[in-house]
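Engineer: Heads up: the sequence lines are chains X and Z, in that order.
Going by our numbering, the letters in the first sequence line up with residues 84 to 192, in that order.
Going by our numbering, the letters in the second sequence line up with residues 107 to 249, in that order.
By construction, these hints were calculated from the structure, which means they are not laboratory data.
Just so we're clear, the structure is a prediction, and the values are computed from it rather than from any experiment.
Treat the hints with caution; some may be incorrect.
On the chain Z side, residues computed to face chain X include the following (Cβ under 7 Å) [claimed, not checked]:
no.	residue
1	108
2	109
3	132
4	135
5	136
6	138
7	143
8	155
Partial list, computed: chain Z residues near chain X (C-beta under 7 Å) [as the list claims (entries may be wrong)]:
no.	residue
9	107
10	127
11	134
12	137
13	237
We put the beta carbon where it would ideally sit given N, CA and C, even for glycine.
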Amino acid sequence: MTEAAAPSLHLVFARSERMVGRRVADQFLLVPIVSRGADVDSLYNLNRVGTFIWERLDGRTRGGDIVEALVERFEVERGEAEADYRGFVVSLLGIRAIEEVSPPGSELA
Amino acid sequence: MTRVSEILPVDPVFTEAVLRDCLGAFRRVRFRVTGECMGPDLVPGQVVTVSCERPPRLGDVVLVRQAQGLRLHRLVFGPPLALSGSGWRTKGDRLAVLDPPIEAGDVLGTVVEPRRRRIGMALHACARALWGRLRAGSLGWRA
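Just need the whole structure built from these sequences, with the hints factored in.
Structural biologist: Right, here's the structure in full:
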């Protein structure tokens, strides 16, 4: 996926059921689930920023709100937070760890 | 975001922590075989599933912690022959000698897919080791 395909901050993403987050030995790992087990050849290790974003991709929170939370939590410029968020979401989409969902309340519109 | 498979081979302590955590949480883990010591049953690149859903038995291929790190080796002295949870022995099918003695807790799980339980091979390895010890004048099962 290219930079041009970076997701809009209006979009909402949810964690895929095929990927589980686990904290092991002070590391935060994404563990793919395959046919009743964990595929340990395909684990991913998230840093603090990645973990912070991952925990907020809950199917309810818009990208813009996550960026605001990043700015507040890590005291970074908004542009840097946006770039980090977009890049990370693109990476997660690339491994099918998250999926886009309808924003809350959109079914009433 | 870092792919952990690039880290695991060089950090056996972290690898064991990850595998124990995943086995505890999901009961089964899947990964690719490296090394050739279990050929022809298991070959490099082959995907195996290891489970902790049942206790290991003689002839099973088990994921075991050894001094050099984690190995997939065959259990050649263990339940039901072993009467306690210590002094178990494992061996790579292509290796000439047994691995050092292990405790039951050193076995993280058993290979269930593909299942390659070979009781005859385990008994043969066990008998050969026993015969070698007898000839050397020492049974030394428990180092």
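Engineer: Verify the interface restraint on residue 138 of chain Z: the C-beta must sit less than 7 Å from at least one C-beta of chain X.
Structural biologist: holds (5 Å)
Engineer: Holds or violated: the hint that residue 155 of chain Z contacts chain X, with Cβ atoms closer than 7 Å.
Structural biologist: holds (6 Å)
Engineer: Using Cβ atoms only, decide whether residue 134 of chain Z comes closer than 7 Å to chain X, and label the hint accordingly.
Structural biologist: Because about 3 Å separates residue 134 of chain Z from the closest Cβ in chain X, which is inside the 7 Å limit, the hint holds.
Engineer: Answer holds if the nearest beta-carbon of chain X is closer than 7 Å to that of residue 137 of chain Z; otherwise answer violated.
Structural biologist: holds (5 Å)
Engineer: Using the nearest Cβ pair, does residue 109 of chain Z come within less than 7 Å of chain X?
Structural biologist: At 6 Å from the nearest chain X Cβ, residue 109 of chain Z passes the 7 Å test, so the hint holds.
Engineer: Do the numbers back the hint for residue 143 of chain Z, that is, is its least Cβ distance to chain X under 7 Å?
Structural biologist: violated (19 Å)
Engineer: Quick check on residue 135 of chain Z please, does its C-beta sit within 7 Å of some C-beta on chain X?
Structural biologist: The hint holds - residue 135 of chain Z has a Cβ within 7 Å of chain X, the shortest such distance being about 5 Å.
Engineer: Minimum Cβ distance from residue 107 of chain Z to chain X below 7 Å?
Structural biologist: Given a least distance of 5 Å, the restraint on residue 107 of chain Z holds.
Engineer: Does residue 136 of chain Z meet its interface restraint, that is, does its C-beta lie within less than 7 Å of any C-beta in chain X?
Structural biologist: This interface hint holds because 5 Å falls under the 7 Å limit.
Engineer: Does residue 127 of chain Z meet its interface restraint, that is, does its C-beta lie within less than 7 Å of any C-beta in chain X?
Structural biologist: Since chain X brings a Cβ to about 5 Å from residue 127 of chain Z, closer than 7 Å, the hint holds.
Engineer: Is the interface hint for residue 132 of chain Z satisfied, with its Cβ closer than 7 Å to some Cβ of chain X?
Structural biologist: Cβ of residue 132 of chain Z sits 5 Å from chain X, so the hint holds.
Engineer: Classify the hint on residue 108 of chain Z as holds or violated, based on whether any CB of chain X lies nearer than 7 Å to its CB.
Structural biologist: holds (4 Å)
Of the hints listed earlier, those the structure fails to meet are numbers 7 and 13, in rising order.
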